[in-house]
Amino acid sequence: MQKKRVAAFMVMAVGMGLGGLVTLLLVLFVARAWWTTPFEVLGFGGAPTQPIAFPHTVHAGVDIILDADGNPKLDTSNQEMNGLGLGCTFCHRNVDKGAAASIPPVEQCIFCHKSIGTDLPEVAKLINAWDNKEAVVWERVHRLPDSVRFVHEPHIRFFTEPGNLMPSGEQATLAANVCSTCHGDVAQMEEVKQVRSLKMGDCVDCHRNYSAPTDCTTCHY
Amino acid sequence: MVNERVNHKWGMVVDIDRCTGCQACVVACQAENNIPLNTEAIFRQRRAIEWIHVERYWEGEFPDVKARFIPILCQHCENAPCEPVCPVYATYHNNQGMNVQVYNRCVGTRYCANNCSYQVRFFNYWEPVWPETLKNQLNPDVTVRSRGIMEKCSFDIQRLRKAEHVIEGQRGERITDENLREGNFLPACVQACPTTTLVFGDFNDPESQVSQMKEEHFVEGGRGYKLLEDLGTEPNVIYLKKVDIHAKTGVETHA
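So the sequences go chain by chain: A and B. Here the first sequence stands for residues 1 to 221, where the numbers follow the working numbering. Here the second sequence stands for residues 222 to 476, where the numbers follow the working numbering.
So that you can see chain B by itself, here it is in the shape it has in the complex (with noise of 0.2 Å):
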């Protein structure tokens, strides 16, 4: 029953600990999203397209040198900078605690993604275009963007929406972290990761993975912290912090 609709806040749990970098969130979403293949001379303008992106820091100086990775996504900010500079109210905060982009709104005047201090949202600076032998991959549940348009993480709607219907419109239970993973309905990212760096789930459901770990590491001393909280964006993605028995403090980072 519509009246009967459940409230959810979804969200994401990143443990930089477990991630190693493999890139396999990066591949999962691009397949999933219908996101436009991203070839090299893109790479050298700078336009490439990647709703999840891992990001490579080196630490230390050759041979006790580090590599860091830090998987990047839209972080569905509460008080996300993108939306109030949106002059077509093409980008809000919805009822279920996500940032979406509606595309066929957008007019792309690109003044989100200037605005967005996590540097996620990607423009649609030419009309896609793939290999004949790539057009029956396309995802049918997802919009294909045009030109002109502005795209970015959106925790995979899709496949929330179909929970939504499977599990509380026909079996009529609760959405719960179980049901989540058996019916596939995870993000993309969140299924390929081989490591589980990547944990999604309802913050308003007390029982999910996510809802434990924010009351277990987002305490003071622990390991939890959201990308550039000073700003006040109060992101819906919490990360937490590498655990290196050999990290030297005072020690320099080279980005």
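Only chain A is shown next, with the shape it has when bound in the complex (with noise of 0.2 Å):
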């Protein structure tokens, strides 16, 4: 009877304490997706997979690119290879425009990629697309609410005037250096994820450094 009973009680707390640490767990996950990025877990946080494997580094990076083993890449000159360097507005056109930055078209990736990579499993694809005039078919990064109305070309417009210093203390001359702020090092991703919050609060907390409005219109309409 007794050995029952303290049997019956041991069941008890070990049920008590694993649904403890699952609540724990999942309280502290809500909170880090409240006030923050999500953990990158069960999909939640972290990079969406594409369609294509683009990887920003290579076109948008200047380091020597490596293969999964870490090793440098070697051309058909049997040299190593660095990364582009290409600027951010060299394909996302729209940015210093008006509101989307804008993804470029499948024929813009084809000016390069008709002669060059074409041998690449990730490139075949997109030629692929190209041959069947289909649209390639990216997963979004980064997406605000439907009640926010974020336009790219005042941010940018604000950033390159001379004397408006972007949060690192840097001057922005061109376009392309202002994008960091928000996206982070994207030359830098072999894979884009968000790495700022991008809530409310980082909007507001910028807006009111910088003396921009803080009308709740300036956003949301």
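None of these hints come from the bench; they were simulated from the model. The C-beta atom is built at its ideal place from N, Cα and C for all residues, glycine as well. Watch out, some of these pointers could steer you wrong.
Okay, the calculated bits of chain B under chain A, using three or more residues with CB under 8 Å as the criterion [what the hints assert, rightly or not]:
(1) 310-324
(2) 370-382
(3) 386-396
Only pairs whose alpha carbons sit at most 25 Å apart, straight line, appear in this in silico SDA-like list of lysine to any residue [unchecked claim]:
(4) K383(B) <-> T89(A)
(5) K383(B) <-> H155(A)
(6) K97(A) <-> D398(B)
(7) K383(B) <-> R157(A)
(8) K383(B) <-> G70(A)
(9) K383(B) <-> P145(A)
(10) K97(A) <-> I388(B)
(11) K199(A) <-> Y313(B)
(12) K97(A) <-> E394(B)
(13) K463(B) <-> R444(B)
(14) K383(B) <-> V151(A)
(15) K199(A) <-> N315(B)
(16) K97(A) <-> G393(B)
(17) K356(B) <-> I103(A)
Dock the two chains into a complex; use the hints.
Here it is as structure tokens:
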């Protein structure tokens, strides 16, 4: 009788402990997602899987390109390859003109990729899309709530004006210098993911620092 | 530069003398602002959403009968009755003379609509639905309001924001009537009006047409008046009364 009671008590204690642990983890997860970006588990947070594994490191980065094992990749004449170092606005052309930064059309990729890297499997997917006149359906990385209207153009314009220093303390001379303020160092990202929380507090903090309007209808309409 | 922001006080003048009741403004607003489709059943329930609507009044007895039209939109009152009753500050007066509705704050108490003297606030009683063929006509610059949200005329603030970015920001010019019109930044109703009944502009700018019309008509004995002026709501929309040479004094009107 006594033994049975002890066993029941043990089971109960372990159960409550496990339940408490699960609850704690859940609270932690929700709290973290509430205040900043969520933990990168169960498909939350992190980089979404793109239809074509487009490496920003190769196109926008300038460092030596490494393969999966960490060895430098060699080109046809056995030379190490650097990233191209393209500016963000080379592809995201609308960023200093309108609301959306815009994803380049397949045609723009083909300008180079009709002759470059045509033997690579990921580029083959692109060429296939081009031949079939299909669009590449990229997964969106940065998504704001539906009630927010974010316009890239005035932000780029403000920071490229002389005298307006970016939060990093630098003066942006090109539109492409401004992007990393919110998007992080995309040139170093194999897969692009969101690095800033981009919650309303994040926006409003910056707007206050630069005495930009904080009227609700600046963004909500 | 942000520090050199120009203060605007947006407003409208509605010249009733020119209105033919064609409803072009109603349709333009519907298309521009992602307003849910108003079906016959919704009209029967008196829950139709029309940020601007044209009210029709019959005057006189048949056969000597006249139709009178008056477009009614949010009056953007300086002392708006809708504002103090909102428990969550979802509606307030912004620094541009506009009464604005913040959809993501709204919790749908409907106090504001009940306190509005002009019946120009509309509640989304249902989740808005569009047929598949109309999905691509939604305006990406305007939030699609979900069920339980109050909405009303915004003076097409999305276009005014764009005007500020393009005219003041990129070109560094002042916003005038001309460049508002040329850049298609005027509210959709004003743009669509074939008889220029609706005139939109900046009351802070003495050169603007609305300022001049206000000066010309809003005097003793002039045509200018404001709706339900004695309530003291101080609307930013001014009406100019109809000039009717056949008007008989003391004629009975039937609403």
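Hints, one by one, checked against the model:
Given a C-beta distance limit of less than 8 Å, the hint that chain A covers the stretch 310-324 of chain B holds, as 7 residues qualify and 3 suffice. With a cut-off of 8 Å between beta carbons, the stretch 370-382 of chain B has 4 residues touching chain A; three or more are needed, and the interface restraint holds. Counting residues of the stretch 386-396 of chain B whose beta-carbon sits less than 8 Å from any beta-carbon of chain A gives 3, enough to reach three: the coverage restraint holds. Between K383(B) and T89(A) the CA atoms are separated by roughly 21 Å; this keeps the pair inside 25 Å, and the hint holds.
Taken as a hint, the K383(B) and H155(A) pair is honoured in the structure, with Cα atoms around 13 Å apart against an allowance of 25 Å. Taking the CA atoms of K97(A) and D398(B), the gap is near 23 Å; set against the 25 Å cutoff, the hint holds. A hinted pair counts as satisfied when its Cα atoms are at most 25 Å apart, and K383(B) with R157(A) qualifies at roughly 14 Å. The straight-line distance between the Cα atoms of K383(B) and G70(A) is roughly 48 Å, outside the 25 Å bound, and the hint therefore fails.
Between K383(B) and P145(A), the direct Cα distance comes to roughly 20 Å. Compliance with the 25 Å bound is thereby established for this hinted pair. At roughly 13 Å between alpha-carbon atoms, K97(A) and I388(B) fall within 25 Å of each other, so this suggested pair holds. As the CA atoms of K199(A) and Y313(B) are separated by approximately 22 Å, the hinted pair is consistent with the 25 Å bound. Between the alpha carbons of K97(A) and E394(B) the distance comes to roughly 17 Å, so the proposed pair stays at or under 25 Å and holds.
For the hint linking K463(B) to R444(B), the alpha-carbon distance of about 8 Å falls within 25 Å, and the restraint holds. With a CA separation close to 9 Å, the supplied pair K383(B) and V151(A) stays within the 25 Å bound. For the given pair, K199(A) sits about 23 Å from N315(B) by alpha-carbon distance, which is consistent with the 25 Å threshold. A C-alpha spacing of about 15 Å is found between K97(A) and G393(B), which places the hinted pair at or below 25 Å, so the restraint holds.
Pair hint K356(B) plus I103(A) holds up; C-alpha atoms about 22 Å apart against a cutoff of 25 Å.
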